[in-house]
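A.B. asks: Single-letter residue listing:
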Amino acid sequence: MGNRKQTITRRQFIKASAQDAGILVVGGIVAASSGSLARAASSGKDANPFAYDVGRLRKTDPKLIQYEQAGQFRSPYPEPHRIAAGPDDRLYIAAGNYVSVVDREGARVNELALPGPARCVAVAGDGTVYAGVRDHIEVFDRKGQRVAAWESLGKKSWLSGLAVSDKDVFAADAGNRVILRYDRSGKLVGRIGEKNKDRNSPGLVVPSPYLDVKLARDGLLRVNNPGRHRIEAYTFDGDLEFFWGKPSAAIEGFCGCCNPVGLALLPDGRYVTCEKGLPRVKIYSKEGAFECVVAGTESFSENWQKCSPSDCTTGGLDAAVDSSGRVYILDVVESNVRIMARKKESPAASGTRAGAQG
Amino acid sequence: MDPRPEPNVSRRQFLRDGARAAALTGLGGLVGVMASRSSAKGTVWQIDPQKCVRCGNCATACVLEQSAVKCVHAYAICGYCQLCTGYFEPEPNDLNTGAENCLCPTSAIKRTYVEDPYYEYSIEEALCIGCAKCVEGCNRFGNGSLFLQVRHDRCVNCNECAISKVCAGDAFRRVPADHPYLLKTTTHGE
Numbered sequence: 156m157g158n159r160k161q162t163i164t165r166r167q168f169i170k171a172s173a174q175d176a177g178i179l180v181v182g183g184i185v186a187a188s189s190g191s192l193a194r195a196a197s198s199g200k201d202a203n204p205f206a207y208d209v210g211r212l213r214k215t216d217p218k219l220i221q222y223e224q225a226g227q228f229r230s231p232y233p234e235p236h237r238i239a240a241g242p243d244d245r246l247y248i249a250a251g252n253y254v255s256v257v258d259r260e261g262a263r264v265n266e267l268a269l270p271g272p273a274r275c276v277a278v279a280g281d282g283t284v285y286a287g288v289r290d291h292i293e294v295f296d297r298k299g300q301r302v303a304a305w306e307s308l309g310k311k312s313w314l315s316g317l318a319v320s321d322k323d324v325f326a327a328d329a330g331n332r333v334i335l336r337y338d339r340s341g342k343l344v345g346r347i348g349e350k351n352k353d354r355n356s357p358g359l360v361v362p363s364p365y366l367d368v369k370l371a372r373d374g375l376l377r378v379n380n381p382g383r384h385r386i387e388a389y390t391f392d393g394d395l396e397f398f399w400g401k402p403s404a405a406i407e408g409f410c411g412c413c414n415p416v417g418l419a420l421l422p423d424g425r426y427v428t429c430e431k432g433l434p435r436v437k438i439y440s441k442e443g444a445f446e447c448v449v450a451g452t453e454s455f456s457e458n459w460q461k462c463s464p465s466d467c468t469t470g471g472l473d474a475a476v477d478s479s480g481r482v483y484i485l486d487v488v489e490s491n492v493r494i495m496a497r498k499k500e501s502p503a504a505s506g507t508r509a510g511a512q513g
Numbered sequence: 008m009d010p011r012p013e014p015n016v017s018r019r020q021f022l023r024d025g026a027r028a029a030a031l032t033g034l035g036g037l038v039g040v041m042a043s044r045s046s047a048k049g050t051v052w053q054i055d056p057q058k059c060v061r062c063g064n065c066a067t068a069c070v071l072e073q074s075a076v077k078c079v080h081a082y083a084i085c086g087y088c089q090l091c092t093g094y095f096e097p098e099p100n101d102l103n104t105g106a107e108n109c110l111c112p113t114s115a116i117k118r119t120y121v122e123d124p125y126y127e128y129s130i131e132e133a134l135c136i137g138c139a140k141c142v143e144g145c146n147r148f149g150n151g152s153l154f155l156q157v158r159h160d161r162c163v164n165c166n167e168c169a170i171s172k173v174c175a176g177d178a179f180r181r182v183p184a185d186h187p188y189l190l191k192t193t194t195h196g197e
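Read top to bottom, the protein sequences are chains A and B.
Counting in my numbering, the first sequence runs from 156 upward without gaps.
Counting in my numbering, the second sequence runs from 8 upward without gaps.
One chain only, chain B, in its complex shape (with noise of 0.2 angstroms):
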């Protein structure tokens, strides 16, 4: 009978490679999250209001107690419409500023008589959550004059964003922190 074959590879040999390899893969994993910061220098989080699916985690999985995410208002692409869509629930019993009518869960719509038949929607930042149900709302039916921004008088600007790793949309994006907004624009007198 033969003797036993010599191993390829010995014990010694094994441990020391597998060590290697361990650190490699984590020099590397630290390579490619320092590569992805490192283009973090002078942007900031905002949101793409084309690519928003409005899917409602701005609401939720922002760091802050209260999102950075608010809805903004585009007051020259607005329709100034009496039954706004973004304000008041899809079937409302009437088209006053009653509970049971109204869309926003916090209230933060205030609806103001222009004149007839038209009014004027602001939001109240201190109480919308930016949950994007007018967002929807305005986008589904009227000229998509609401839409969500991170406001950086809020935002800390987390390197990870809580937010980003859960946008439905991908639409978080780093922009340049002298042009931390990405608004709508009208496209009136073209």
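Next comes chain A alone, as it looks inside the complex (with noise of 0.2 angstroms):
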């Protein structure tokens, strides 16, 4: 038998050798990609067992919800934390290292540079602008010439929410737990919401950075104690004259551990309230009996999904009033402001109370 040479070109050499190569990778890739492909394919298949569903949670009844949008405009700058309507009507938005000014259909009137992020903002009956950056309280004539820096509060302060009297100065600091009251010159003059047994005060419950503070018209603060889900009405002294205010999901309470997180008072001295987790803006009576709702969750569905995956801590609302009552509703997710008025078929807006319920 004898030997048959066989003889290749080194064409064809080069042409076997890469699709031999070829095909290796292609070994290589489906290979590698297998893990993938059965987390692709697994991800979906069944319903999580153990789910914790708030889905129904998410839906508001329509009847309930009495205001609609009358208008939209973006913050002026993002990461925005706090609104407040000044004596002019204009509002003023502590976002980015700016308060900025704005007239009612968000057009930018002023603007006020900060040395770090804004945290909150007030405005006096005079015009003059407070603006509580992390640690300290930064003021403003009514021409937007910054006038004075105050002391610093340390490292553990959060300015999360101030208001002003014709005298005095409040400063909501959610790190210290802690409404200080100053006067206006900037001198530490009280501290209010510690607890303290004398001035019937349990103490305020700040587990994340929301505490707000505002003055309403019968001459008490009102101060979310966010970690007890209710409103407290204070005297200047720090004396606790009433709360209201229940922990639930229901539309009628204040859900998750700690809410609500921002409130405004309307023109006749009912509360609207801000919740983050369950983002929703709702309407509360003078004695704290649920009215209506100005906007449920399912109109912020971006600030809904900020609290996933790692936390809850960053999301959130805030709202502020103007002398007409509309209700302007900062997210703080989606860096936008909501101008909401009161639906005209809707009961109060012809004289007669929405039902209350809770």
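FYI, nobody ran anything at the bench for these hints, they're computed from the structure.
Keep in mind that the hints are not guaranteed to be accurate.
In silico negatives: residues of chain B with every beta carbon more than 10 angstroms from chain A [said to hold, decoys possible]:
# : residue
1 : 21
2 : 71
3 : 150
If you want a taste of the chain A side facing chain B, the calculated C-beta under 10 angstroms gives, among others [unchecked claim]:
#  : residue
4  : 173
5  : 360
6  : 361
7  : 398
8  : 410
9  : 413
10 : 433
11 : 467
Beta carbons are placed, not taken as given, at the ideal position from N, Cα and C, and that holds for glycine.
Assemble the dimeric complex from its two separately framed chains, guided by the hints.
C.D. replies: So, in structure tokens, the structure goes:
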């Protein structure tokens, strides 16, 4: 039997080698991607038997929504935190390293530069603007000129709300769980909300950095106490006068571990409350009875998503009210402001109040 | 009529080339698998809490009878809330330890009174099945102090982690064995 010698040309050799290399690469890719394919195939396979289901709570009974959106504008800067209405019905938005002054339709009028991220803002009757950064307050005159920077409150402070009266400025310090009372020159004259039996004060509970303060026309401060799920009324000296609110994921209560996160007052003294987790804005009577919804959770899809995947310390809403009763909702996730006006056919708009629940 | 043309590839050639292609494909697959496994040297599996989507697969896909994944608690982040949304059902009847109010399917979370209105929550790992129901509740409303981790006193460090294959958030990855946990930390005092 003779040997048969097989010959191969250089061209054939290169061609065969290229084919083999290609097959080798394809095999490797198939093997390496098999894990991803298995994951993709299985991820949507079954419903999670351990699901934490709050989907039902995302829908609001349409009968309870008595406001409609009359407009919307972008926050002048990203990462907004608070919104306030001034005596001239201009809006003051604490966002980025600025307090931006805009008119009621969102057109920019002025902006006040700050040394750090703006956390909160309040405007006095004479037009003086008080802006809170994390650890101190900056003061601007009515023309927007910076006139003072008050003393730092230290590393633990986290200013998140401001209110101003004729003679006093009140700063909500979420980090230290206290409302600080200053005179208008910046001198610290009192501490409100700390645990104090003599003043009937059980203490503010602030698990996440949302503490707000507003001055009502009855001369009392209104402070959210998020860990207790209620609104509390204090004198300027720190006596707790009354409170209302209850924890509940249902519409008449305050949901989650720590709500409400923001509040505003309507011209007639009723409350506008803002929540996170289930982002929603609601109206309560002067006595604290639930009245209606300004905007429900279904209106804030991005804000809803924000509390996923890692925590719910950066979502939330804030609100301001102008002299006509329009509610301006600041969405801190979408960085926009929604102008909400009462529906014309709603009972309260025609002089009667909506049925209160809870 | 012209004679039938000779085929370009003989049967013998075809069989030989096919066998060679199959062998090389297998070799390529083997190389791919070995390449992915060689990176596992000195590493262990862990869950990135920032990517975890609480799909529930950690409770059911582990090769162990009781999953090696457990809920852990970052106490420095916790708000010690009276109404802990990782502990209570979304709409509890009351804020007490009654089973009907509690979220955990195995009662693995213990609630201890500290002072009004603060409570401490701790995980009894022997009971925890890693279902992440509490993690979702804590993240949805709170500070996110509850999260899942592969516990390395239990994990057998499979070359191909069965949970990682089905993880909906692609949150499983290998980490150095000398730093086996991916913990959440607080930004307080920054």
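A.B. asks: Each hint should be assessed against the structure and marked as holding or not.
C.D. replies: Do the hints match the structure? See the list:
1. 21: 14 angstroms, holds
2. 71: 17 angstroms, holds
3. 150: The claim breaks: residue 150 (chain B) does not keep its Cβ more than 10 angstroms from every Cβ of chain A (closest is about 5 angstroms).
4. 173: 12 angstroms, violated
5. 360: 6 angstroms, holds
6. 361: At 8 angstroms from the nearest chain B Cβ, residue 361 (chain A) passes the 10 angstroms test, so the hint holds.
7. 398: Since chain B brings no Cβ nearer than about 13 angstroms to residue 398 (chain A), farther than 10 angstroms, the hint is violated.
8. 410: 7 angstroms, holds
9. 413: 6 angstroms, holds
10. 433: 8 angstroms, holds
11. 467: Since chain B brings a Cβ to about 5 angstroms from residue 467 (chain A), closer than 10 angstroms, the hint holds.
Against the hints set out earlier in the document, violations occur for numbers 3, 4, 7.
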